[in-house]
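Number of protein chains: 2
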Amino acid sequence: MSKFWSEMAKRAEPYVPGEQLAKKNIIKLNTNENPYPPSPKVIEAIQNELHTTNLRLYPSPTMDELRTTIGAYYGLDKANVFVGNGSDEVLAFAFMGLFDPGKPIRFPQITYSFYPVYAKVFNIDYEEVPLNDDFTLDVERFFESVGGVIFPNPNAPTSIYLPLHEIERILEHNKDRVVIVDEAYVDFAEASAATLINKYDNLLVVQTMSKSRALAGLRVGFALGNNELIKGLIRMKDSFNSYPVDRLALVGAKAAIEDETYFREITKKIIQTRTWVTEELQSLGFKVLPSQTNFVFTTHETYPAERLYEALRQRNILIRYFKTKPIENYIRITIGTDEEMKQLIRAIEEIIL
Amino acid sequence: MSKFWSEMAKRAEPYVPGEQLAKKNIIKLNTNENPYPPSPKVIEAIQNELHTTNLRLYPSPTMDELRTTIGAYYGLDKANVFVGNGSDEVLAFAFMGLFDPGKPIRFPQITYSFYPVYAKVFNIDYEEVPLNDDFTLDVERFFESVGGVIFPNPNAPTSIYLPLHEIERILEHNKDRVVIVDEAYVDFAEASAATLINKYDNLLVVQTMSKSRALAGLRVGFALGNNELIKGLIRMKDSFNSYPVDRLALVGAKAAIEDETYFREITKKIIQTRTWVTEELQSLGFKVLPSQTNFVFTTHETYPAERLYEALRQRNILIRYFKTKPIENYIRITIGTDEEMKQLIRAIEEIIL
Chain A
7 MSKFWSEMAK RAEPYVPGEQ LAKKNIIKLN TNENPYPPSP KVIEAIQNEL HTTNLRLYPS
67 PTMDELRTTI GAYYGLDKAN VFVGNGSDEV LAFAFMGLFD PGKPIRFPQI TYSFYPVYAK
127 VFNIDYEEVP LNDDFTLDVE RFFESVGGVI FPNPNAPTSI YLPLHEIERI LEHNKDRVVI
187 VDEAYVDFAE ASAATLINKY DNLLVVQTMS KSRALAGLRV GFALGNNELI KGLIRMKDSF
247 NSYPVDRLAL VGAKAAIEDE TYFREITKKI IQTRTWVTEE LQSLGFKVLP SQTNFVFTTH
307 ETYPAERLYE ALRQRNILIR YFKTKPIENY IRITIGTDEE MKQLIRAIEE IIL
Chain B
7 MSKFWSEMAK RAEPYVPGEQ LAKKNIIKLN TNENPYPPSP KVIEAIQNEL HTTNLRLYPS
67 PTMDELRTTI GAYYGLDKAN VFVGNGSDEV LAFAFMGLFD PGKPIRFPQI TYSFYPVYAK
127 VFNIDYEEVP LNDDFTLDVE RFFESVGGVI FPNPNAPTSI YLPLHEIERI LEHNKDRVVI
187 VDEAYVDFAE ASAATLINKY DNLLVVQTMS KSRALAGLRV GFALGNNELI KGLIRMKDSF
247 NSYPVDRLAL VGAKAAIEDE TYFREITKKI IQTRTWVTEE LQSLGFKVLP SQTNFVFTTH
307 ETYPAERLYE ALRQRNILIR YFKTKPIENY IRITIGTDEE MKQLIRAIEE IIL
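Those sequence lines, one after another, are chains A and B. In case it helps, the working numbering puts the first sequence at residues 7 to 359. In case it helps, the working numbering puts the second sequence at residues 7 to 359.
Just so you know, these hints were derived from the structure itself, not from any lab. Fair warning: this is a prediction, and the values are worked out from it, not measured in the lab. Treat the hints with care, since some could be wrong.
Chain copies aren't distinguished; within one or between two, either way the pair holds.
Said to hold, decoys possible - Derived lysine-lysine pairs resembling DSSO-like cross-links, with alpha carbons at most 27 angstroms apart:
#: 1; residue 1: Lys-84; residue 2: Lys-30
#: 2; residue 1: Lys-205; residue 2: Lys-84
#: 3; residue 1: Lys-109; residue 2: Lys-181
#: 4; residue 1: Lys-9; residue 2: Lys-181
#: 5; residue 1: Lys-16; residue 2: Lys-181
#: 6; residue 1: Lys-126; residue 2: Lys-237
#: 7; residue 1: Lys-329; residue 2: Lys-237
#: 8; residue 1: Lys-9; residue 2: Lys-109
#: 9; residue 1: Lys-9; residue 2: Lys-329
#: 10; residue 1: Lys-16; residue 2: Lys-237
#: 11; residue 1: Lys-9; residue 2: Lys-237
Model the full structure from these sequences, guided by the hints.
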């Protein structure tokens, strides 16, 4: 601790992202990136922007075009859309603008590990709600929160999806508090809660271009919600950084939303791969939680998760392992290409058999 | 005010950036952008990154390569460099990580208008130190601050530079508090305080690629300082957003730093234009403050500033006007190309003569 650090810097417990190894020949299944490149139309749109001399000019601080495009995609208005530098930044603004110190919020005990990080840095008390034994959310324990609710759907790293009628019960029992549904993986699942926005003014849906749109490297995330919630996020952005999304990211993200054919194609492919990978793992003695994401969360009946993680790492296959109860014997594996997953299965066979 | 907003959202007084008009045929001299395009090597580096399929992968959260490049440019180590999404984000992290509620900081009364915005949102008390009558900083009134000091050098919107020996006096009289020198415009001035970093562990220098490197559209800023100060900023970033700078911005910014020849050429050109524009304005009855930036701050002996701003706007020339005492009769004009500035001078002649 430095004498120059603020109290905020001292109490912070920073998030540790999955490794980004520069090493070649690695099979990278540790940060839930898309194994396929972004739509060729994204590259084309960025090329076109590069050929203007506009890079010398600030981007649009209001991002109207991209917000209109995203809104139209969900049947919503621009005023229902907030755009930020990845969904992590959107979540940070949501913690700042919609949750309050002294009013405890609730999130699942096993969930995206950035939530407690935001809560600590912005001094927001929180209650961690244990999952049910089957790792589903214990819905009623989110009712009547003091300060609000946040959970991913599907949840991470469990990969389990909560149906919309259950989400509606949480919304109905938190009428005066904000409920944030963090849908980073929802394009690999049944349905988005975006359809509930006109019905519930306390619902904020957060999404990202990093997973299903294959644009983790471009840093674009967004939130959908009632006009008043969006205004609250805009107030935070404009008190922090007027232009968090650059010119290339703005045009690239717009092109990604517009190319629905490509998006559907790669999403379908990932879901197909997920299906056979799940079956293969099961046949090798793994229990695989029912995934509606682009990863699987799994445990082997005898082989310890941490040892498997290490052994795969030595074979240049990176997956994610969390040394946290009660998931300390699970591993999280991103769905890669068919070829990558075949190599993974082969490596696992070599290790455990 | 929405019932869903936090106290932070309610007390926020968001920054209002200069207009980004989409309109064609406008001469845009209102946000201090560079009139020249970025180095061709920046475009080339972004093209190369685009031709990989890496956009699907997260960028480096530690940004080692860019930090090493920037460090080398200033004779510093990677550990002395922090990179963020524009210098506004860097400043936001600095307010969060290095200043504290209850310990008033000091900044000039006439200065970058984002400082009070950060202070309000993060609940940091502040004292605004009046400028001297000639608009220079009243150095001794920054001595022995309770919570720290921040000022731009050159100051904005006055354009006036404070020599390094005066900055050293402020540093020496604030040994246990952080002094932030915000050098957005320093490449158009005498010298950076970066050379003082090894001498003063309480000095943080903040810079941007948006002005002299012609990359406002790419969103890259950085801070230079003692290892401990940089660690404090990294703690804030990693409690907020692991990857605020995207893959294209990382390679573009690196190429911009490396192409020193191009950088020197456009910077020299802007300074030359500033010289003749100053003389022209003086010959038309303007008082022009001695600028060491890529803009001039000026007042006419008889013609009111606000009327001049409006009249130029009607002629499709955008400049910046702040309706704030004691600068309510000044206008800020970004230095554009020679051709743009000739048109500006012609328009001013038409208006005031």
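Hints violated by the structure (listed by number, smallest first): 9
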